[in-house]
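Residue numbers (the working numbering), protein chains in the order written: chain A, 1 to 308; chain B, 1001 to 1235.
Worth flagging that the hints you see were computed from the coordinates, not collected in a lab.
Hints are supplied without guarantee of correctness; some may be wrong.
[Stated by the list, open to error] In the DMTMM-like style, the derived pairs of lysine to aspartate or glutamate whose C-alpha atoms are separated by at most 25 Å in a straight line are:
no., chain 1, residue 1, chain 2, residue 2
1, B, K1190, B, E1161
2, B, K1190, B, D1217
3, A, K115, A, E97
4, B, K1190, A, D262
5, A, K175, A, E97
6, A, K103, A, D83
7, A, K103, B, E1161
8, A, K85, A, E108
9, A, K224, B, D1174
[Stated by the list, open to error] To give a feel for the contact side, a few chain B residues facing chain A, derived at Cβ under 10 Å:
no., residue
10, Q1118
11, I1147
12, P1153
13, P1203
Just so it is clear, CB atoms sit at the ideal spot from N, CA and C, and this is done for glycine as well.
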Amino acid sequence: MMLRLNAPRRWRLRRHGGGGGASQHSARLAILLGAAVLSLGTAAGTAAAASASSMSSGTGWVRCAHLSPNTAPVDIYLYSFGDPKAMDVLRHVPYGEVGMYMKMPAGEYTAAIRKASAPASTVPVISANLMVHAGHAYTIAAMGPAQGLRLQTLNDRLTTPHGKSLVRVIQASLKEHHVTVRAGSATLASNLAFASITPYGTDKPGQWVLHAAGGSETWSGNVKLTAGTIHTLVVLDSPSGLKVTNLMDAAGSAMMPHGGVDTGLGGTAPGPAPSRLPWLAGLTTGLLLAAGAAVRLHRSRAVPRHAR
Amino acid sequence: MRAAPPAPATSAEPGRHGRGSPRWRQAARRPLTAAVLLGGVLTMAITVAGLLVLTGQPERPPGPASAAPDRLPPQGTPAPLPKPATLTAPLPVALRIPAIGVRTRLIRLGFTRHGTLQVPNSPSVAGWYTSSPRPGEIGSSIIAGHIDSYLGPGVFYRLRELHPGNRIYVRQADGKLAVFRVTGVHQYPKAHFPTAAVFGPAPDAELRLITCGGTFDYATHNYLSNVVVYSTEVR
Chain A
1 MMLRLNAPRR
11 WRLRRHGGGG
21 GASQHSARLA
31 ILLGAAVLSL
41 GTAAGTAAAA
51 SASSMSSGTG
61 WVRCAHLSPN
71 TAPVDIYLYS
81 FGDPKAMDVL
91 RHVPYGEVGM
101 YMKMPAGEYT
111 AAIRKASAPA
121 STVPVISANL
131 MVHAGHAYTI
141 AAMGPAQGLR
151 LQTLNDRLTT
161 PHGKSLVRVI
171 QASLKEHHVT
181 VRAGSATLAS
191 NLAFASITPY
201 GTDKPGQWVL
211 HAAGGSETWS
221 GNVKLTAGTI
231 HTLVVLDSPS
241 GLKVTNLMDA
251 AGSAMMPHGG
261 VDTGLGGTAP
271 GPAPSRLPWL
281 AGLTTGLLLA
291 AGAAVRLHRS
301 RAVPRHAR
Chain B
1001 MRAAPPAPAT
1011 SAEPGRHGRG
1021 SPRWRQAARR
1031 PLTAAVLLGG
1041 VLTMAITVAG
1051 LLVLTGQPER
1061 PPGPASAAPD
1071 RLPPQGTPAP
1081 LPKPATLTAP
1091 LPVALRIPAI
1101 GVRTRLIRLG
1111 FTRHGTLQVP
1121 NSPSVAGWYT
1131 SSPRPGEIGS
1141 SIIAGHIDSY
1151 LGPGVFYRLR
1161 ELHPGNRIYV
1171 RQADGKLAVF
1181 RVTGVHQYPK
1191 AHFPTAAVFG
1201 PAPDAELRLI
1211 TCGGTFDYAT
1221 HNYLSNVVVY
1231 STEVR
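Here chain B stands alone, though its shape is the one from the complex:
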């Protein structure tokens, strides 16, 4: 496995410009120039890496390439056999919303130091709030995801496009699906976020999806509102 003309760096004859004047030996004698070169290359590498991370390249790009076995029933198919809401459901592991092309694994979310809801580090992943009931249990389960990154759409970019009747599928740790039907989509100013209503008790198995919305405040780099999608389990 030899590379073409230029020998590997480890070769005894590193350059193709003759034994006496290898470019890299010269560079070594000009440490400043070499450092600048290295710095430039590093800057570019870091910039590109940052771009890739912050644009939130989807972990599993959406599209027809769904060769992987898909356990979700096609849209329009009647829901699986009715099952009652329970007090204990398996942990949620993945989320799918066909109407807006969402397909993501679910991470666990807790609290920040400031007492606010933790949000996923990656804009392309959604997370379940571990202090809320699990999806499929009686009560109001909470899943949050980003509307966007610094550069492009996040996992919940199209969340506000959902309509009552749309289906939401949560895959549970045992492989089963909890199916929810959207009942409402609401936008609230963050300054007046209805915490008790969104996070408070519900008497049936509900799932609430949260992302950002409204005006983006470039001064504080925050959206001023939250979009909340309400859904109820289909049994």
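Next up, chain A with everything else stripped away, as it sits in the complex:
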């Protein structure tokens, strides 16, 4: 069976334009206060390298995930500290869903989770703060069992070692509390406990047989790792047991060229324009030669040939 390379379904995304009444304001205040109490999850790990493009444009990337097996579908809210009028909402996110990355202005955000379709004015089930740095990518995941639901912020890597692929594993299966994941002969996760995450590991590019095994349930499929790509494999409960979803976190060129790119010859550069001279010279030379020869021929025809 071929592992379906997951192209996550895009959730409905709505950006509301302010207009918040007093009740909405107080709700937000409650969220912020609640969020302040909560830890930021993996806040350290500043290793994630920044992408120059979005660094200069002051944006980062955020995606949200619902990875709590026995939690009903949720609505995920993202509130911006910098722009109180901006609010992103992902609605009806079921277990196992990981959204597309959303480009967000750098700054501080609060993520909040409510039951699907619960009014935005209600107190969220859980919330957490998130600092988005320009050029960095993050995954906000609802993790753990319903009784101990938590919002965890993951720093997603955006650089790979030369010619390698990066892979990490999220264990989000409750059917199997510990799961081992292998790709070919490489072990990606060994006896990984429910609701935990491996760091990114470096892997050799190629097409591998992916194998996940818990105490009784197993799953296998194929995974293709290309140099310059970064993946997150998510172990999930499925109706038939286990399944593994392959998320493409990021992709770049498989081979990095050296240095700059020589895409100009100077014909429009200001300053001396020597490039035209050789052509004019060539044209003139040709003209002179041809004209000279023609004149000579003409003369030689006009003057009778002498006897030898």
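Since the structure of chain A is already known, use the hints to place chain B on it.
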């Protein structure tokens, strides 16, 4: 189909100057003169041909003569139906940037012997780097083109004039369009080109256009900088 007075060269009576003194027979007896004449004409022909090639006459001249069916939506029209970034997009075949009048087919680019990015042979064509993700796939796709030839503008001559918000259209092998929105335009010295940032991984479907810019160094016949346009797919 006869030409006017001068008979064709294959005629039994090649010249109009009488049977006894055809000009070309004379020429044949003066091989040096004939060679010089031929050489002169050849030099001119080669020069003109070189000029035409190196000025990069556009393959499809821009302008109102767009009688050919144009699948691109007019500017200002909302983008096509949203579609998610995918892991596999069709090969890119053509590029269009209405804001700066770019319209070109896309060739494939690989590596040079020196490990640098290959550039198109023709200044009037842009190329997609085959080691980068295809436009529309998750990741940073790379397209490069010349700013100029020896004599005049190349396909990306006006690339630096792009602004955030401008649209870039890539036609794919299946005829569909991937639409990108410019997010930034940056110039880097080639000596400090941020390879990892430009060619490195991106978490969404991005397209990066590269050309030359900055000062032209007449000693090495190279521009000293690169201009990179960053864009993100509109979904």
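Hints versus structure:
{"no.": "1", "hint": "K1190(B) - E1161(B)", "in the structure": "holds, 20 Å"}
{"no.": "2", "hint": "K1190(B) - D1217(B)", "in the structure": "holds, 12 Å"}
{"no.": "3", "hint": "K115(A) - E97(A)", "in the structure": "holds, 15 Å"}
{"no.": "4", "hint": "K1190(B) - D262(A)", "in the structure": "holds, 9 Å"}
{"no.": "5", "hint": "K175(A) - E97(A)", "in the structure": "holds, 18 Å"}
{"no.": "6", "hint": "K103(A) - D83(A)", "in the structure": "holds, 15 Å"}
{"no.": "7", "hint": "K103(A) - E1161(B)", "in the structure": "holds, 24 Å"}
{"no.": "8", "hint": "K85(A) - E108(A)", "in the structure": "holds, 14 Å"}
{"no.": "9", "hint": "K224(A) - D1174(B)", "in the structure": "holds, 24 Å"}
{"no.": "10", "hint": "Q1118", "in the structure": "holds, 8 Å"}
{"no.": "11", "hint": "I1147", "in the structure": "holds, 4 Å"}
{"no.": "12", "hint": "P1153", "in the structure": "holds, 6 Å"}
{"no.": "13", "hint": "P1203", "in the structure": "holds, 4 Å"}
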